[in-house]
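What follows is the residue order along each chain.
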Amino acid sequence: MSRDTARLGLWNAAYVVARRDFHAILFSKAFILFLLGPLFFIAISLVAGTLGAKAADSAAPARLAVALPAAEAARFERAHAYLEDAVRLPPIQTVPSDGTHDSAALLTDASANFGAVLGGSLAAPRLAGTQERLESWRGEVALIIAQARGGREEAIPAITLEPTQTSVATQRSARVATATGAITLLFLLTMLLAGMVLSNLVEEKANKIIEILAAAIPMDAVFLGKLLAMLALSFVGIAVWGSLVLVAVALGGAALPPLPVPAVGWPLFVALFVLYFSMAYLLIGSVFLTIGSMAPTVRDVQTISMPATILQLAVFFLATFAMNAPGSPIELFAAIFPLSSPYAMVARAAQSAVLWPHLAALVWQAAWVALFVRTGATLFRRKVMKSGPARRPVKA
Amino acid sequence: MRRIADAMLTDAAAMPRPPAVDSTPLAIEARGLVKRFDDTLAVDGIDIAVPEGAIYGILGPNGAGKTTTLRMLLGIIDPDEGVRRVFGHDRPHEIARLIGYLPEERGLYPSMRCDEAIAFMGALRGLPLAEGKRRGRALLEEHGLGHAVDRKIRALSKGMAQTVQLLGTLVHHPRLVVFDEPFSGLDALNQGKLERMIRRLAENGTTVIFSTHVIHHAERLCNDVAIIANGKVPYAGSVDAARDRIPAQVRLETRDGDGAWLRALPPGTERESKAGGGHFWYFPLPETGIERLMRDLIEGEAGVLSFSVERAGLHDAFVEIAGEAAARALDADAQDTVPA
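Protein sequences, first through last, are from chains A and B.
All residue numbers for the first sequence refer to the numbering used here, where the first residue is 1 and numbers rise by one.
All residue numbers for the second sequence refer to the numbering used here, where the first residue is 1 and numbers rise by one.
No lab work stands behind these hints, which were simulated from the structure alone.
Just so it is clear, the structure is predicted and the values come from calculations on it, not from any experiment.
Don't take every hint at face value.
Stated by the list, open to error - Computed cross-link-like contacts, DMTMM-like style, restricted to lysine to aspartate or glutamate with a CA-CA straight-line distance of at most 25 Å:
| id | chain 1 | residue 1 | chain 2 | residue 2 |
| --- | --- | --- | --- | --- |
| 1 | A | K205 | B | D244 |
| 2 | A | K208 | A | D300 |
| 3 | A | K205 | B | D78 |
| 4 | B | K193 | B | E104 |
| 5 | B | K274 | B | E301 |
| 6 | B | K152 | B | D187 |
| 7 | A | K208 | B | E287 |
| 8 | B | K232 | B | E52 |
| 9 | A | K208 | B | E52 |
| 10 | B | K232 | B | D244 |
| 11 | B | K232 | B | E105 |
| 12 | B | K158 | A | E135 |
| 13 | B | K152 | A | E204 |
| 14 | A | K208 | B | D78 |
| 15 | B | K193 | B | E219 |
| 16 | A | K205 | B | E141 |
| 17 | A | K29 | A | E204 |
| 18 | B | K152 | B | E141 |
| 19 | B | K232 | B | D38 |
| 20 | B | K232 | B | D90 |
| 21 | A | K205 | A | D98 |
| 22 | A | K29 | A | E203 |
| 23 | B | K232 | B | E104 |
| 24 | B | K232 | B | E301 |
| 25 | A | K208 | B | E94 |
| 26 | B | K152 | B | E105 |
| 27 | A | K208 | B | D187 |
| 28 | B | K193 | B | E301 |
| 29 | A | K208 | B | E301 |
| 30 | A | K29 | B | D150 |
| 31 | B | K193 | B | D150 |
| 32 | B | K232 | B | D80 |
| 33 | B | K232 | B | E299 |
| 34 | A | K205 | B | D38 |
| 35 | A | K208 | B | E299 |
| 36 | A | K208 | B | E253 |
| 37 | B | K152 | A | D300 |
| 38 | B | K274 | B | E299 |
| 39 | B | K158 | A | E72 |
Take these sequences, add in the hints, and give me the full structure.
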């Protein structure tokens with residue numbers, strides 16, 4: 001069969017579909033929303049953060065009610081004033097006491113905001129309050145009483161402070177933070193994109209163009225083209241946002257807090273993030289596309305996308321849970337299960353410097369993408385185009 | 001795989017052939033096509049032979065199996081049984097560049113411009129995008145839509161959008177064009193335009209196959225038809241041969257109502273006497289021919305006032321071939337699709 005008569009090959013046909021979708025979506029409202037998507041998250045975070053800070057500021061700190069005899073209370077106050085430069089102590093308020101104060105009444109007085117009440121005497125102190133508060137303040141209160149009992153104001157030795165960038169302990173927790181951030185970002189991006197793939201498919205169904213595509217090119221190419229178009233669009237989005245972040249770093253780098261360095265280093269981590277993002281999207285996108293293409297109506301597409309969204313959430317939670325138990329069976333499972341594998345592996349890139357598992361994981365994930373696309377295309381041809389395998393008479 | 005396909009074709013060759021049209025090479029050849037959807041037998045052993053360069057109609061009521069047959073011929077779906085060959089290829093979808101297809105459900109991307117939509121459809125069949133746009137603009141000009149080249153599909157009327165899709169079907173210069181119900185939804189003016197376009201395609205050597213449930217389109221355009229009803233093809237062959245299955249009717253008007261010449265009329269002749277005198281006689285054209293009949297009438301002094309031979313139409317042939325129920329369904333479908 002000559003090239004002039006043969007239909008387009010898989011990749012050429014996928015390119016034709018991808019090119020159409022890319023151009024159509026790039027200038028659509030949906031893409032502008034996608035591009036602005038991270039802005040919504042940032043805005044919501046800022047609003048939530050500001051409101052939280054305001055709430056924290058407006059809440060008066062809990063105080064320790066000092067219900068000691070007057071002379072002892074004065075000694076307690078002096079000891080508190082002396083120690084509070086070196087040790088973080090709860091604020092105190094002396095309450096008049098003749099030895100018969102009512103701790104319960106003080107603790108339930110809405111105007112005072114007492115967290116605990118110190119009664120008795122310096123020789124036999126009694127601390128009243130909730131169990132949690134007692135455990136929190138008992139050490140500090142004992143320290144102040146010890147200082148007040150001694151009556152001597154011994155100098156607190158000056159310590160030269162030598163701050164370091166990191167330690168094993170802080171590095172580990174910082175990398176967990178990096179991994180969490182990466183997984184969350186991966187989840188949000190794939191969630192947005194999967195929704196866009198579905199919208200695209202809904203448009204296709206509404207436009208009744210699918211039979212024209214199916215008559216001209218392989219169905220696998222239709223699926224692949226749609227997925228690749230959306231991936232390319234997401235790269236445009238990532239490039240836009242990445243550029244903005246780089247500009248922000250360049251302009252105000254010194255003012256920004258130091259970012260925890262992932263185990264594989266930033267350049268490789270970014271590269272792996274992009275690769276795992278591509279895989280995560282292609283995997284969930286092909287699932288969405290299959291489900292969507294098999295639905296007979298647009299309304300059905302929207303209804304049956306719900307299980308896929310729940311699946312996406314489940315995968316996110318699995319990866320987040322597994323991330324906190326490196327080397328455990330659950331982490332291994334999350335790395336092997338195709339849909340959670342990109343999330344688990346990006347978390348691993350943040351926490352471990354070993355590289356070979358990433359190569360294996362990428363090959364594994366790519367194989368599953370191919371399988372999902374092929375399965376989706378086959379199901380589509382069978383169920384929607386009402387086609388099945390040929391049962392032709394075979395010569396006896 | 002190839003051998004199996006060849007073997008199947010050998011088997012299929014032993015099957016009864018549809019009436020051979022002539023020695024023209026076949027664009028499409030299908031034998032014993034069967035397609036089931038779950039428990040429904042949509043197509044039940046169809047044989048079709050479409051000569052290259054012909055205008056071929058698949059005529060039948062809605063639900064008869066026309067679309068399923070076309071989809072099988074194009075390779076969009078596979079038959080459960082039987083074989084089909086398009087230009088000698090038993091996997092028709094692999095020669096997609098030679099084929100243009102307009103499905104019954106028309107579809108275009110609303111956000112595309114007209115020339116882009118045509119170029120996209122060409123690109124799906126291997127035509128470079130730039131060439132597709134160039135040809136698209138030329139086609140739009142040629143069909144009176146030059147003013148709409150830069151217009152988005154969503155801004156077009158339904159008729160204009162259908163024309164754009166039609167042009168997209170043809171932009172890559174296919175050797176075979178398959179239209180599924182191409183006239184449905186078109187007004188009389190656009191139906192006429194489409195008929196002219198189909199004739200022009202055939203004049204240029206393109207094979208055109210279309211499905212329809214409107215008899216007069218098939219009758220006016222087609223060299224050959226396949227009549228399809230209930231998933232079967234009871235007739236496939238030339239339109240003329242279909243019409244010839246019903247003998248031509250003679251309508252004779254005489255002054256006299258009696259005489260020896262009456263013996264020249266075949267048995268079963270119907271008589272209708274006129275109120276003011278004179279008689280009408282209706283009978284099939286006798287096998288002895290018109291000349292002999294005329295001589296007998298004149299020599300017998302029948303007083304012939306008028307004589308005409310009325311040939312059966314394709315509709316009569318359809319009733320004869322597919323049955324009255326199928327013909328009634330066909331007529332009802334045709335009524336339903338008359339544009340407002």
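Quiz item: Which earlier hints turn out false for this structure, listed by number in ascending order?
Solution: 1, 7, 9, 12, 16, 21, 24, 28, 29, 33, 35, 36, 37, 39
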